[in-house]
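Spelled out, the chains give:
Protein chains: 2
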Amino acid sequence: MRTFRDFEVGDRERLGPAPVNLAEAVAFARRFDPQPFFLSEEGVKNHPFFARMAVSGWFTCALMMRLLVDEMHANPVASVGTPGIDHIRWLHPVYPGDLLRLETEITGKRLLGSRPGVGLVHRHMRTHNQDGRLVMRCESWEFLTLETPAPERQHSA
Amino acid sequence: MRTFRDFEVGDRERLGPAPVNLAEAVAFARRFDPQPFFLSEEGVKNHPFFARMAVSGWFTCALMMRLLVDEMHANPVASVGTPGIDHIRWLHPVYPGDLLRLETEITGKRLLGSRPGVGLVHRHMRTHNQDGRLVMRCESWEFLTLETPAPERQHSA
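As given, the protein sequences belong to chains A and F, one line each in that order. The first sequence lines up with residues 1 to 157 when you count with this note's numbering. The second sequence lines up with residues 1 to 157 when you count with this note's numbering.
Don't take every hint at face value.
Pairs count within a copy or across copies, as identical chains cannot be separated in the list.
Mimicking SDA-like on lysine to any residue, the simulated pairs with C-alpha atoms at most 25 Å apart in a straight line are [as the list claims (entries may be wrong)]:
| no. | residue 1 | residue 2 |
| --- | --- | --- |
| 1 | K109 | T3 |
| 2 | K45 | R133 |
| 3 | K109 | F7 |
| 4 | K109 | W141 |
| 5 | K109 | R137 |
| 6 | K45 | G117 |
| 7 | K109 | H87 |
| 8 | K45 | A74 |
| 9 | K109 | R89 |
| 10 | K45 | F143 |
Think of the hints as simulated: they come from the structure by calculation, not from any bench. Every value quoted in this text rests on a predicted model; they were computed, and no experiment measured them.
Make a model of the complete structure from these sequences and hints.
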């Protein structure tokens with residue numbers, strides 16, 4: 001299992017692809033973000049930015065998160081959560097049928113003064129669609145332990 | 001319908017409550033954020049921050065978004081999307097059974113140079129649990145049109 005010690009500034013990962021499923025995107029929007037331009041083609045008429053029905057930016061975030069967790073399961077990491085996300089930018093619409101890929105780069109790391117044994121890793125994340133267009137970027141903070149946790153914490157989902 | 005012209009710096013709204021449903025939180029985590037501490041009480045053993053099984057921070061964001069859209073439907077607003085979110089901070093765990101309330105405050109507004117007829121509104125958002133504890137904060141940007149859109153854009157979900 002990779003711990004805080006195993007991550008270095010400059011480390012990169014390429015994750016995905018994550019398909020953007022129409023039915024799932026609409027179900028997500030209905031429950032969490034029911035704005036008309038995320039629900040039907042009718043709802044996007046006269047919209048200044050969307051060429052056709054788009055998906056909620058929060059759905060794009062959720063798909064990005066799933067790619068990150070899939071990678072954690074494939075290559076276990078002593079991650080214990082995320083205190084925050086900075087500068088989410090939805091730069092280009094994501095449409096049903098898109099195929100998203102995520103690039104991550106470690107841009108900083110430091111020990112946590114308030115909690116011995118835990119460090120913070122800072123990461124830039126960029127999500128591109130199937131045409132190579134940057135659709136979203138953000139920066140994340142992640143808590144990692146310095147040692148591999150006790151065996152009962154090592155199971156995954 | 002409220003347009004860009006109707007929002008002023010200092011305007012506040014109090015939204016909610018949004019109940020945090022256990023089954024829904026686990027279903028969300030299974031699909032989008034299947035880290036062990038969001039899936040079962042077993043998965044939270046030895047966790048440095050969570051007293052018991054918590055919910056994904058992205059689920060908290062999704063619940064916040066629903067409160068915002070419910071308010072848009074109750075008091076229609078000429079909103080055409082969000083270019084970004086800054087400084088999301090998950091400050092205190094959100095647990096199944098919590099009841100969340102959202103406070104928003106307009107902290108800036110400006111016309112969009114690149115797109116006549118559209119303005120940007122900046123808003124601080126703070127989410128508290130049933131004990132008044134601040135669990136999450138963030139800052140949002142929102143695109144609003146200066147005029148009420150054409151009738152075919154005025155339907156809601």
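At most 25 Å between alpha carbons: which applies to K109 and T3, within, between, both or neither? Close inside one copy (12 Å), not across copies (43 Å); limit 25 Å.
Checking an output row: K109 and H87, CA cutoff 25 Å. Within, between, both or neither? both (18 Å within a copy, 18 Å between copies)
Intra/inter-copy verdict for K109 and R89 if alpha-carbon distance must be at most 25 Å: Result: close both inside a copy and across copies, 23 Å intra and 18 Å inter.
Is it within, between, both or neither when you check K109 against R137 at 25 Å Cα-Cα? Close inside one copy (19 Å) and across copies (23 Å); limit 25 Å.
With identical chains, the pair K45 and G117 could be close in the same copy or across copies; at 25 Å between alpha carbons, which is it: within, between, both, or neither? Intra 53 Å, inter 16 Å, cutoff 25 Å: inter-copy only.
At most 25 Å between CA atoms: does that hold for K109 and F7 within a copy, between copies, both, or neither? Within one copy, since 8 Å is at most 25 Å while 40 Å is not.
Intra- versus inter-subunit Cα pairing at 25 Å for K45 with A74: For K45 and A74, only the inter-copy Cα distance (21 Å) is at most 25 Å; the intra-copy one is 42 Å.
With identical chains, the pair K45 and R133 could be close in the same copy or across copies; at 25 Å between alpha carbons, which is it: within, between, both, or neither? within (23 Å within a copy, 41 Å between copies)
Within, between, both or neither, where K45 and F143 count as close if Cα-Cα is 25 Å or less: Classified as between; 16 Å across copies, 43 Å inside a copy.
Check K109 against W141 for me: Cα-Cα at most 25 Å, and say if that holds within a copy, between copies, both or neither. within (9 Å within a copy, 28 Å between copies)
This entry satisfies every hint, going by the numbered hints stated previously.
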